[in-house]
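Could you put together the complete structure from these sequences and hints?
There are 2 protein chains.
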Amino acid sequence: MSRTNHQYRLAARPVGLPRPSDWEYVEEPVTEPGEGEVLVKVNFLSLDPAMRGWMNEGKSYIRPVEIGEVMRAGGVGQVIASRNAQFAVGDHVSGMLNVQEYCLSDGRGLTKVDPALAPLPVYLGTLGMTGMTAYFGLLDIGRPEPGQTVVVSGAAGAVGSVVGQIAKIKGCRVIGIAGGESKCRLVVEEFGFDACIDYKSEDVRKALREHAPEGVDVYFDNVGGDVLDAVLSRLARGARIVICGAISQYNATGQVKGPANYMSLLVNRASMTGMVVFDYAERYPEAAAELAEWLSAGKLRSLEDVVDGGVQAFPDTLLRLFNGDNTGKLVLKVADE
Amino acid sequence: MSRTNHQYRLAARPVGLPRPSDWEYVEEPVTEPGEGEVLVKVNFLSLDPAMRGWMNEGKSYIRPVEIGEVMRAGGVGQVIASRNAQFAVGDHVSGMLNVQEYCLSDGRGLTKVDPALAPLPVYLGTLGMTGMTAYFGLLDIGRPEPGQTVVVSGAAGAVGSVVGQIAKIKGCRVIGIAGGESKCRLVVEEFGFDACIDYKSEDVRKALREHAPEGVDVYFDNVGGDVLDAVLSRLARGARIVICGAISQYNATGQVKGPANYMSLLVNRASMTGMVVFDYAERYPEAAAELAEWLSAGKLRSLEDVVDGGVQAFPDTLLRLFNGDNTGKLVLKVADE
Chain A
1 MSRTNHQYRL
11 AARPVGLPRP
21 SDWEYVEEPV
31 TEPGEGEVLV
41 KVNFLSLDPA
51 MRGWMNEGKS
61 YIRPVEIGEV
71 MRAGGVGQVI
81 ASRNAQFAVG
91 DHVSGMLNVQ
101 EYCLSDGRGL
111 TKVDPALAPL
121 PVYLGTLGMT
131 GMTAYFGLLD
141 IGRPEPGQTV
151 VVSGAAGAVG
161 SVVGQIAKIK
171 GCRVIGIAGG
181 ESKCRLVVEE
191 FGFDACIDYK
201 SEDVRKALRE
211 HAPEGVDVYF
221 DNVGGDVLDA
231 VLSRLARGAR
241 IVICGAISQY
251 NATGQVKGPA
261 NYMSLLVNRA
271 SMTGMVVFDY
281 AERYPEAAAE
291 LAEWLSAGKL
301 RSLEDVVDGG
311 VQAFPDTLLR
321 LFNGDNTGKL
331 VLKVADE
Chain Z
1 MSRTNHQYRL
11 AARPVGLPRP
21 SDWEYVEEPV
31 TEPGEGEVLV
41 KVNFLSLDPA
51 MRGWMNEGKS
61 YIRPVEIGEV
71 MRAGGVGQVI
81 ASRNAQFAVG
91 DHVSGMLNVQ
101 EYCLSDGRGL
111 TKVDPALAPL
121 PVYLGTLGMT
131 GMTAYFGLLD
141 IGRPEPGQTV
151 VVSGAAGAVG
161 SVVGQIAKIK
171 GCRVIGIAGG
181 ESKCRLVVEE
191 FGFDACIDYK
201 SEDVRKALRE
211 HAPEGVDVYF
221 DNVGGDVLDA
231 VLSRLARGAR
241 IVICGAISQY
251 NATGQVKGPA
261 NYMSLLVNRA
271 SMTGMVVFDY
281 AERYPEAAAE
291 LAEWLSAGKL
301 RSLEDVVDGG
311 VQAFPDTLLR
321 LFNGDNTGKL
331 VLKVADE
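Protein chains in written order, with UniProt numbering: chain A, 1 to 337; chain Z, 1 to 337.
Some hints here could point you the wrong way.
Same chains, same names: a pair is fine if it fits in one copy or spans any two.
[What the hints assert, rightly or not] Within a straight-line C-alpha distance of at most 20 Å, the following computed SDA-like cross-link-like pairs (lysine to any residue) qualify:
1) Lys-299 with Gly-225
2) Lys-206 with Asp-336
3) Lys-112 with Gln-78
4) Lys-59 with Ala-207
5) Lys-41 with His-6
No lab work stands behind these hints, which were simulated from the structure alone.
Computed from a prediction, not measured in an experiment: that's the story for all the values here.
Spelled out as structure tokens, the structure:
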């Protein structure tokens, strides 16, 4: 049984937004698994802002994708051939399957998932890295207390929407920041935030004065740039800022805009701390169990934005993260289940 | 016995560096203490970068000095009249005595000091707010561990020189950053740092690569600006940045330069935390006792830069903090002991 694999490999390091010429679309025969290996047919791929960083050269929290290498991506799929005792044909798994139709793996980093408990894309979102990032970033670093004010940027996005909902579950007042009226409506009506500020049409600083009159106790930052500066100007004493991302700056070709108001950290005895979800790997099961419980109890809504485009749609679909087009978890459907 | 008091009052809020026209030199008769009050003759005043911030309008960690008000300053002096049972004539005291020759006080915030244990200016430096800032900022927020690399900017200054020495006592490798060859020599030879980078003649980032090849575990920042950005680019995993000051930005008339490399906090799971010494008031005695012990054991050198100019020299002397002229604790001598 000979199969053909299609992949996107990194052809060049992008300057600014990734362009078509930064990718190479490759076709190659699928190799059958050797001893200890499994062959996974990819169903869905996770599209994440962090991917833009993986395409850059240089030291980061994870090694860069090399030129010529298949682009890194989380995914869920099904085992279709196995010479690894831990995985049987028919098992559904999640892990780093990368931007391709078939993934040959030694099984390390693959986790079995149950499609009866949640649709497969949810394992890339709320029950995947996205949910883990929201859970540990908010609870471990943000440490919100009941009654405190939590502000979340990228509030209609995959991580932000989960952060805000967890903060609500924990008894906080939650203010989202998102771009555009329809996203803001979604954030309040679907995800249950107390309010949402439209950074495209509102003065964020002024709106925060209204919505967070006592100041911001926890700020979960996905965007950086001017929004981070606006929130810095409204911190409460002892505030915690979680630096999860800076999507506004990922495609900057000039120098990144540093937060000019950072001295507010001193005035307010506040902290700004970076988080990388991989550090919490040992505690994923604990978070997944709690998130699944909230999901099944209807306390948490998971929104996936599934693009049914096949692997070849990867480059265009990725750009939707950076032009503000997507809401919820952006997932690329590669093949039917 | 009629005495005359000379004071500097704030005449205008400075734009950029304070100018002579921002001050009003006032002469007024000294009032004798009422019930519960003491009259203190000021011997020395503490000159601190933070004073520049106190002159600005707006919310900060302490209320601004109002226009027409005597400029706020820490000082040490001697009680020359008392109707407060806690203080006797002849007692030496430290506290907020402000920029003047005589201070009438209700005694709140005054602490008795012993000139036999240390010269009076030391109570403004290593045994005063300066020492407290260094002690709590480094040990409580920086939390250095033996063998770790600690970097201190403003290393020849009042706070920085004490921070580095405490870090050495705690078994760390300590790298200073200071401006000019003679300051750097002082930092290494007098204060015992392992090395000192001259930011005026060296590429700080490159020098850190050499002096901190494993990365920076703790950075105590007194200066902000480009130096902060350079250190951010060299953080070790889990690094702690203590934001104590940003002297390079205090007189900026445009927007403050935010740290463009702040995403290094994410990459390195690092934190940046602001500190205000007043929060530690209850623990001052604990710090003072330990600092005094280190001083008397010869483990800690205290350097004061005493300008014998009288109160009228205040405006010019203050500027020495911002033009890089001073080393160690800048103190203005107001009157003989």
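Hint by hint, here is what the structure shows:
1. Lys-299 with Gly-225: neither (32 Å within a copy, 45 Å between copies)
2. Lys-206 with Asp-336: Neither: 47 Å inside a copy, 52 Å across copies.
3. Lys-112 with Gln-78: within (9 Å within a copy, 76 Å between copies)
4. Lys-59 with Ala-207: The answer is between: 18 Å across copies meets 20 Å, while 38 Å in one copy does not.
5. Lys-41 with His-6: within (12 Å within a copy, 84 Å between copies)
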